[in-house]
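Chemist: In case you want the letters, here they are:
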Amino acid sequence: MTETKPGFSLKSLGGGTHAFPTGGSCLVVFVKEDCETCNTAAPVVEALHRAYGDKLKVLMPAQSGEANAVFATRHDLTFPVLDDADCKVSFDWDIEIVPSVFWLNTDGSVRQHFEGFVRAEWQALSADIAASLDLPQAQIDWDSLPAWRPGCGSRHLCPEIFDRLQAAASGEVLRARRIDIAEADDVVEFMFDQGFSDGLPLVPPTPERVLKMLGGTHRAPQDLIAVVPPNMGEATTEKVAINAVMAGCKPEYMPVLIAALEAVCTDAFNIHGVTATTMGAAPVIVVNGPIRDRIGMNKGLGALGSGNRANATIGRALRLIVGNVGGGKPGGVERSTLGNPMKYTMCFAENEERSPWPPLHVERGFNKEDSVVTVFAMTGGPVHIVDQESREPQQVAGSIGLGLESVFLPKLRNLPVDTLLVVCPEHIDTLMSQGPYTKAQLRARIQEVTSRPLSEMVASDTSGAGISKATAEKLGPDKLKVAAPKFAGDEYIHIVVAGSDAGKFSSAFHGWATGEIGSQSVSRKIDLG
Amino acid sequence: MTTILDPTDERKPVARQVTARTGTLTGTIGLLDIRKPRGNVLLDELERQLKAAAPDVTVKRFAKPTFTKPCPDDMRRDIAAQVDYLVEALAD
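As given, the protein sequences belong to chains V and P, one line each in that order.
Numbering-wise, this note's numbering puts 441 at position 441 of the first sequence, and it's gapless, one number per residue.
Quick note, this note's numbering runs 1000 ahead of the 1-based positions in the second sequence.
Derived by calculation from the structure, the hints in this document are not laboratory data.
Wrong hints could be hidden among the right ones.
Unchecked claim - Calculated cross-link-like contacts (lysine-lysine; reagent style DSSO-like; alpha-carbon spacing at most 30 angstroms):
{"id": "1", "chain 1": "V", "residue 1": "LYS212", "chain 2": "V", "residue 2": "LYS250"}
{"id": "2", "chain 1": "P", "residue 1": "LYS1012", "chain 2": "V", "residue 2": "LYS329"}
{"id": "3", "chain 1": "V", "residue 1": "LYS55", "chain 2": "V", "residue 2": "LYS88"}
{"id": "4", "chain 1": "P", "residue 1": "LYS1012", "chain 2": "V", "residue 2": "LYS212"}
Start from the sequences, fold in the hints, and give me the full structure.
Modeler: Structure (structure tokens):
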């Protein structure tokens, strides 16, 4: 199929306006002044113009601004040299190299096109034009010209120019309200003033940056990703991208962020309750599968801490979306008594390579090669479990159990509350030192070492929490002798592996209310398009 | 000029919002003279009319060191600690 080039209207050095299509056969040559190959080609174009000028319109969009005049004078050009300093026509014509040569039919369709300077191509072009116009060939000393010289990159492909042109061309792609910030205003301060921030500075979400961010997902900009409580704001891909830019994400993080957002906006996860609770819960995001390494997530040394861009910004972007699109802001629906630092960000990858167990996503029904996000609503953590002495599997498993006593309050047991246990590699090695030690065994051991008679839960002068004295009297001494473990069931104990090879420090996130009235962990396969 | 895209659900206008009106005139009102010539005359009259219209309000007067520079931070904090409302006034 013949390609037709878009029309344009540009001013020439002389001040006149020249439009394309021209109403006749036409030669369009894109150049820039500092390109040596363009300087090689310019005299040839002038010769073609002089030979065929009456019947062939020649137009030369030039990208060099004021230097266009230098270029025209240098080569005594007598055809219109056009000002394409903003590179819009170069962008619209989608050229890559200068010189870029187009011989076009009356209707604007491309008859011949080539780039750079290949002498044979230019020679053939001259002959073809002469033949088509029934004119003698232009007199050009072809032997004095180089046989081949590569062109230069078109100026519009400079990233800052291209991004601007791309943003301008995508007026229909981006529909979010545009906010113009005056020169005198500081953009970062403005965003603080508007309440867009989580308390830390944000990257300004310019149209250029947002478009780049949208390039990280195959989802269309206006696709609805999720309806975000509490305001039930609509998070389109574009809104997700805007907040991702502000958080500092790279485009390739977008699929993870989208899956995490979909997960927290389910009824099961209940982000409204997670946001609103005075207990101060926050989503903890665990990422499994091949995408961890592809986007450079941290699963090893310091995985739960600072320093990794993907871990830090994916978690932050999710929180920003809940605040900005969902309207869950501190002091509004967000009502934490104390809050916790996970409300800034908490996202990490499982160290599957260092785990002897099926990774979290496989345990939850996905294939190992799937990339999956799992979200947990956690109120505390990571709380360390320190055991540098145990050398027996049952000992270290026992310590891990004892480390979980502090979930909610040590005296409280039989809790229908999740914990997310992060076992470190050295503790894994001890657990495995005498043969396989399964997750089921670890869960059972946790429940075993935390079991205490219900009598220890009865309210006392030390602590009024737990079983009230009246209830205890009704239960009677025999029932109070029954031992209860920390968790109401093994299924509340979620286990992953992360961290570096050195250090006998596992850690645990402590949950919030779970089940129908609280938040249930949710996994989502990451859509990589 | 920088253009950014709105990260919110766009239910609120971006422009700064006027503080909610209380409907009553009570408390302490600060009158800040920015030190333009005869600004004090304007504020003297404003103070007189305020006291006549609302005898219960307390009026406190402040003056910037110079109108050519922003109000010093210490003074800003001092004013914020002392008054409920502030009228910043000029002349010309």
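Chemist: Within 30 angstroms, alpha carbon to alpha carbon, are LYS1012 of chain P and LYS212 of chain V?
Modeler: The hint holds at about 27 angstroms.
Chemist: Given the hint that LYS212 of chain V pairs with LYS250 of chain V, test it: the Cα-Cα distance must not exceed 30 angstroms.
Modeler: 9 angstroms, holds
Chemist: Next pair to validate is LYS1012 of chain P with LYS329 of chain V; report whether the Cα-Cα distance is within 30 angstroms.
Modeler: 14 angstroms, holds
Chemist: Could you grab the alpha-carbon distance between LYS55 of chain V and LYS88 of chain V and see if it respects the 30 angstroms cut-off?
Modeler: Roughly 27 angstroms between the alpha carbons, so the hint for LYS55 of chain V and LYS88 of chain V holds.
In summary, this structure violates none of the numbered hints.
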